[in-house]
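J.: Those protein sequences? They're chains A and B, same order as listed. Residue 706 is where the first sequence starts when you use this note's numbering, and the numbers rise one by one after that. Residue 1037 is where the second sequence starts when you use this note's numbering, and the numbers rise one by one after that.
Don't take each hint at face value.
Said to hold, decoys possible - DSSO-like, lysine-lysine: derived pairs with alpha carbons at most 27 Å apart:
| # | chain 1 | residue 1 | chain 2 | residue 2 |
| --- | --- | --- | --- | --- |
| 1 | B | 1214 | A | 929 |
| 2 | A | 938 | B | 1211 |
| 3 | B | 1680 | B | 1086 |
| 4 | A | 929 | B | 1601 |
| 5 | B | 1155 | A | 764 |
| 6 | B | 1473 | A | 797 |
| 7 | B | 1569 | A | 905 |
| 8 | B | 1129 | A | 938 |
| 9 | B | 1569 | A | 784 |
| 10 | B | 1566 | A | 784 |
| 11 | B | 1129 | B | 1160 |
| 12 | B | 1473 | B | 1211 |
| 13 | A | 929 | B | 1588 |
I should point out that these hints are in silico values taken from the structure, not numbers from a laboratory. Being a predicted model, the structure only gives us computed values, none of them experimental.
Each chain is listed here by its residues.
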Amino acid sequence: MNGLFKTFLILTLAVNLKAQGQSAYQIMKTDLNKGNWKDMVGSVEMILINSRGEKRVRKIQMMNRKRTANESDMLMRFKYPDDVRGTGFLLKEHENTDDERYLYLPALHRIKRIASSGKGGNFMSSDFSYYDIGKPKLNDWKYSLLGSEEIAGHPCYKILCMPASPEIVDETGYGKIIRWIRKDIYVTLKSVYFDRGGQKWKVLNVTDYKKISGVWFQTGMVMKDVQNNHETKMIFKDLKVNTNIPELFFTKRFLQRGR
Amino acid sequence: MKKFTNWIIEHSKFTITSIVVLTLFFAYSIKNIKVDPDITSSLPKKIPAKLLYDKMNKIFPSRDFVLLAYGTDNIFSPNALREIFNLTSHLEKMPDVYSVLSPTNIKIINGSKDGIEVKEILKKPPVTDAEIKIYKQKLFNSDLPIENLISRDSSMAGIMIFLKNNVKPEDVSKKILKYVNQLKLKGKIYATGKPILTYYLGRGMARDMGLLFPLVLLLIVVILWLSFRNIRGILLPFSVVLSSVIWTIGIMALTGVPISHSTNMLPILLASIAVADGIHILNHYHLNAVGAQSSKEVIRKVMYELNGPVIITSVTTAIGFLSLNVSSIGSVGQLGLFTAIGVMIAMVFSLSFIPASLAVMKIPRKLRTKTKAGILSRVVEAYSNYLLKHYKIAMSIIGAIILLSLAGFPRIKLENNTINNFPKDHPARASYEHINKNFGGTTFLSIMVEGDSAGYIKSPRVMRSIDSLEQFLKKQKHVGSVMSIADFVKRINKVLHANNPAFNTIPGDTVVENGTEWVQKNGKWIEVEKQFKVPGKELISQYLQLYELSGKPDDLANLVDYNYKNARITAFIDDESSEILTKLDDSTKSFIRKNFKNIKFELTGTSELFLAINNLVVNGQFYSIILSLILVSLVTSVLFRSIKIGLLNTIPLFFAMIFNFGYMGWAGINLNIVTMLTSSIAIGVGVDYAVHYIHRFQFELNNADNKTAVKKSLVIAGEPIIINAVTVGLGFFILVFSTFLGVRHMGLLIAIAMFTSCFGAITILPTLFLLIKPKIKNN
């Protein structure tokens, strides 16, 4: 009798866990796929703040489009500071090979291909990695629901993301991620990233988010590297969605010539 | 003073109890004492080298580094590279470490015609011969300064561990050494750098404290036993010694003054000095106890007689120590101040605790009947007879000693580095020498370039100046490696120009670039080659941006600040000797004066700190000798109520000092932050012997002619003078067993000074008095 009860208990627990796993996966899926956007343009202000409180400010014009379901193209043009104005950066994501990264240096009048530092490398020397700003891939992680918590007064799902394979750890440098996703609109409001040794590494706080053409976008983000005491603020402005950016905008010629 | 003595004797139990209670309180406070073995932290904040050093600290995230060297038969074997690789990645993860530079993790800049890559040299340790070959190829063709990463003969790998500025370097060093030891690596590890040396200094200090202090206490017990042969003779002066040391260290702990390379010696110095008064008092007590009945009355009489001399000698000793405060080296001043406080505390205990204790004890039966004529007094008598007959011989011997000593003066060398303080066979010194012989060097000279606005450093003119200063430094002797932001700009310039070595330069103010342009031809866009004129500043800015975009936000933080306003050039030097550092300092400054009119270059770094200490030692030495001589003669003038006597007191001191400096010159003992303490201490303590002799001579002159007075005072005062000098001298001599050469030398020098000033008091003064027949009667 006793043994039978135990078996029953274990079975129900297992089923429950499974259900919870499913639901966490569903939440993430809704979060990642909520926006049905094809392309976007806008300007970004990136503020890097070091441990002494000194700042580096960069202003960038940005275009982004989804090339395939899991790959996107991104073109960025520096507007500020003046001595790097006109510098362009073209990123073409590839699912199965290294990303292509090109830099146009106006002083050299040449485009140079930059060797990929991997998806875990720092995006434009900020605290965001290329992986953080790239299109998130749902199946890289296994999800489980840790419960509900409030962030800035909004009820959120607290979701634990564990790497689906050791390669993901190598690629991203993350041993695990905890996310807080707003329950009503499925927007991530906060993430905590842990390194492969399990130490807390980076904290993302979403400070602003807007609904643009029916899609929620995170327009203000602060990523703080708590290990190196360095942080990056990213503020998006003038976001426009689905303006049908021509494909040729994401070419080397456009990168150099601007038209 | 008589009232004080009477009060003490009447309230003896209260006096003893309150001293014991307070001593327990101070003993308890000692648990809060801080330890700071770093020699450079005692530099005054306001001197330029230190100001700059602290400023650099604010601009750049890391300044102190540990250099670990890894040696094995072949460092380019898979096993060795794996060990270096793993060691590096672990060290990078230590929380107190700012960054690590190693042959397995340096970021190299490589390029082809179309592309450029900036990335860590290895992703994982190479295994096959081919991989190792590629790795070596990359490493040795990086154009980056790797002199501290690979030894000259390629037999050792160097790992530079930069520490965060807000950590205690000695604590991190300990963690690093502990971690490396428990790895049980196949390769042999050596470690050096200022943090490691500071760590070993701290360990040596702890060892000194644990060994030398008990040793000096043991010595005191032995001397007391030989002098008095009874328990109270040992116990009373010993209690004075112990409690005055406890009070002084307790006060240091309460006022936040750390145990430093200087104050570390305080317990030994204080113990040796504090015992003297007790010896005098007990000695007199024993003499007066013969035939006496009441202990109270005996001690009352003794104290009436001795209050004066005890106060005079204590005050002059304290003044000698206090005059160390003219030195602006903080720790030296602290040693002076707190030893002076300790001497005053010991004086108060000798005047209160000892009489109070004797008042409550009974006179031992043995003492009441005992009389003795010791060997020492017979020797002194024979000596005085001889001296009176042959004082001319004595004079010529003294003259010869003075001349010989003076001849040694020019040989004295100033040397203030940390490494020379360790004995040759000490592991810290062995590692230091091994590493500095084979790598670029671990002492560093930092040259800060201070700009007036953000982006200043990116200007071609400034960048070229940085580069030319770097090239100049590279050519200097003992400079093994130089690092600056210019290395990166040149390398990127070269890589972006198809690795053409002609471009391994800083771009000019305006540059002609062969770029491309997109043109439409027959309805198609094609790329054509074209020449452009470009401002060099834009080129440099974009190079640096390119590097930034490929790395982490703080990659260049140790070379240039966040907004490219300030930069620094770091030259690594393989020797710490003052001579070499001075030469480098002079030639660098004159190169800067000659070549860079409008750019602000400022020198700092460990090398500059050592030089700054040197200057302070010279000045401090000079002024503290002058000051202590003036103060000592002033105090004795006041107490003897005669300027003449005040000046006479200093004569044996001059002799002792001349002999000491001569000895330093001939024996090759360097003048440094520790040995500089000798003179003032020797003056303060050594004057006691002259005081005793002159005091007695004055007394004898009242009822005898000059010659008789000279002899009588010599016979009577000679014995206690010698006992006193031997006790104090031997106490200081204990320092000879220190870990550190500087402290050993100082112990030896003060011990010598005790014997020479004692010799001066009982040879030069009598001889002089025979010649000049001074009229210094005292009624």
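J.: Run every hint past the structure and note whether it holds.
T.: Do the hints match the structure? See the list:
no. : hint               : in the structure
1   : B:1214 with A:929  : violated, 32 Å
2   : A:938 with B:1211  : violated, 35 Å
3   : B:1680 with B:1086 : violated, 44 Å
4   : A:929 with B:1601  : holds, 25 Å
5   : B:1155 with A:764  : holds, 25 Å
6   : B:1473 with A:797  : violated, 50 Å
7   : B:1569 with A:905  : violated, 49 Å
8   : B:1129 with A:938  : holds, 25 Å
9   : B:1569 with A:784  : holds, 21 Å
10  : B:1566 with A:784  : holds, 25 Å
11  : B:1129 with B:1160 : holds, 16 Å
12  : B:1473 with B:1211 : holds, 25 Å
13  : A:929 with B:1588  : holds, 14 Å
The structure fails hints 1, 2, 3, 6, 7 (numbered hints given earlier, in ascending order).
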